[in-house]
Amino acid sequence: MYQGIRIAGFGGQGVISAGILLAQAGVEDKKNASWLPSYGPEMRGDTANCSVVVSDGEVYTPIVSAPDTVIIMNEPSLPKFEPILKKGGLMIINSSLINSRPTRTDIEVVCVPCNRIAEELGMDRIANLVALGAFIKKTGAVALQSVEHAMKKVYKRAKPEMLELNKKALQAGYDAV
Amino acid sequence: MTEKTLRKGNEALAEGAIRAGARFFAGYPITPQNEVPEYMSAYMADAGGAFVQAESEVAAINMVYGAASTGTRSMTSSSSPGISLKQEGITYLASADLPCLIVNVMRGGPGLGSISGSQGDYFQATRGGGNGDYHVIVLAPNSVEELGNFPKMGFELAEKYRMPCMILADGILGQMMESMSFNFDPIDPNKLGKFDWAVDIHKNGRKKNNVFSYKGDNLIPDVVERAKRYGLIEKTEARWEEREAEDCDVLLVAYGLSSRACLEAVNKAKEEGLKVGLFRPITLWPFPSKRLAELAAKAKGVLSVEQSLGQLVQDVKLAVNGKTPVYLNAYPAGGQPDGNSILAAVRSILNGGKEGLFDLQEHAAGFSFECKRDTSLGMQGDLKGGK
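In order, the protein sequence lines correspond to chains A and B.
First residue of the first sequence: 4, per this note's numbering; consecutive thereafter.
First residue of the second sequence: 13, per this note's numbering; consecutive thereafter.
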């Protein structure tokens, strides 16, 4: 198993943090994992993205230039990452914020209304975890429980009720696809 | 041994240095190594050491000069242009025979360059960026785990030979997260003995210790003595890693992040039935020339894969010494290698193609360049402007 993933969205949508969570979950699963943020003016409102690799074997470079999966959280990231997705790759689209659809027909597209689901749970900010839940259901790259274990390590200072809400968002994303 | 945890490269390095007994850190912020001083500022005091955010890179390296004189495990870190600024201090540390650790998390260059990862400082690190006949030991990690474990090796080598040691990493290694574990227990530097040369309170009739960088009329014996240590280091301290390197048609040579992309190429080549091996120098100085020469003799071609425009390849050519053709696969100024592009260069070597092989003369074929002056723009030195 080798999954190269790019997660992209606005700075503040939690794409960087979702990537760390995924990499930590890979470690929990005794797999090899890497995470790499992108550089640029993202902190000032442009799109942010990160590369994650989860693999049974060695992780070569952490730069995912031809991803197996892209998770697209905002409109500007779609044209940026559609061309580099591998043939037959998986694209998860946050359909709450993205009206466009990819033109490529050689990829699998899954639309998840991440922000709507997150709002229904009571917090817009956990849309990233909804997307992550959907990704896990589709790929099985890591176990759902491993992400829950990873949360305690990545969000060290989170209150128990916040962790509980995060778990719900993850499950809701998992159930949505 | 510790449990495997997910860590960022720069943070693993900083934690590794504190565990290795570093008790003085001075630095000045620069991307992509900012997590190193950030981590030091949070944890160095807890370890009983001192963290100083200096007013400049020059100040930081000279603070290390002072702290190293006392025998304290001292270090600084920066990125390419910041390391350029430190060169004066580094050559003074070398001339005063002081052990210390200098970390360069490389970015693109020359000049201010870019903040993306690069390997453009190979010459600066291995040839000495400062003046005079001197070397620093250069260690090149290629994983977060090695970033965490190399500070200990760095301090030990620096102290064994009384000279500065540099860890040469790159922006991607510093920024990436990966699971790692430390292969040693934390060292309490207070339990290490004192150096007989170190500057401290001299009492009980002990001879006064002085640390000099200026040796006056005695410079020649000093430089010649130091060269004996360099020779000893070249003979005994070269470190490297080999993968499928014993029996291959094309031998890749790469360090740091590039070597990871090479491993992808080695494994993809195997699937295609091509015999490709990897030789990864872990010490860039001393360069593991002897072993590389042995392996290269059995290959049809040697390919230097580097994120620079023909730097590592020079040491490869010196080692191979004309016995096997040496080629260059270059990703300068923030470019990043991947398995497929390296494999394309390998195929070029085997099939006589050109894709992926960089040759400076061919690159410049048919090119002409002129730096023009134009009198209609006015005369140089005439500050009043044109006609």
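Since the hints were derived computationally from the structure, they do not count as laboratory data.
Hints may be right or wrong, so weigh each one.
Distance ranges between label pairs, derived from CB positions [as the list claims (entries may be wrong)]: (1) Pro201/B / Val112/A: 50 to 60 Å; (2) Met4/A / Phe207/B: 50 to 60 Å; (3) Pro122/B / Val180/A: 27 to 37 Å; (4) Pro79/A / Ala57/B: 38 to 48 Å; (5) Glu111/A / Ala305/B: 46 to 56 Å.
For every residue, glycine included, the Cβ atom is placed at its ideal position computed from N, Cα and C.
Here's how the hints hold up against the structure:
no. : hint                            : in the structure
1   : Pro201/B / Val112/A: 50 to 60 Å : holds (57 Å)
2   : Met4/A / Phe207/B: 50 to 60 Å   : holds (51 Å)
3   : Pro122/B / Val180/A: 27 to 37 Å : violated (49 Å)
4   : Pro79/A / Ala57/B: 38 to 48 Å   : holds (43 Å)
5   : Glu111/A / Ala305/B: 46 to 56 Å : holds (51 Å)
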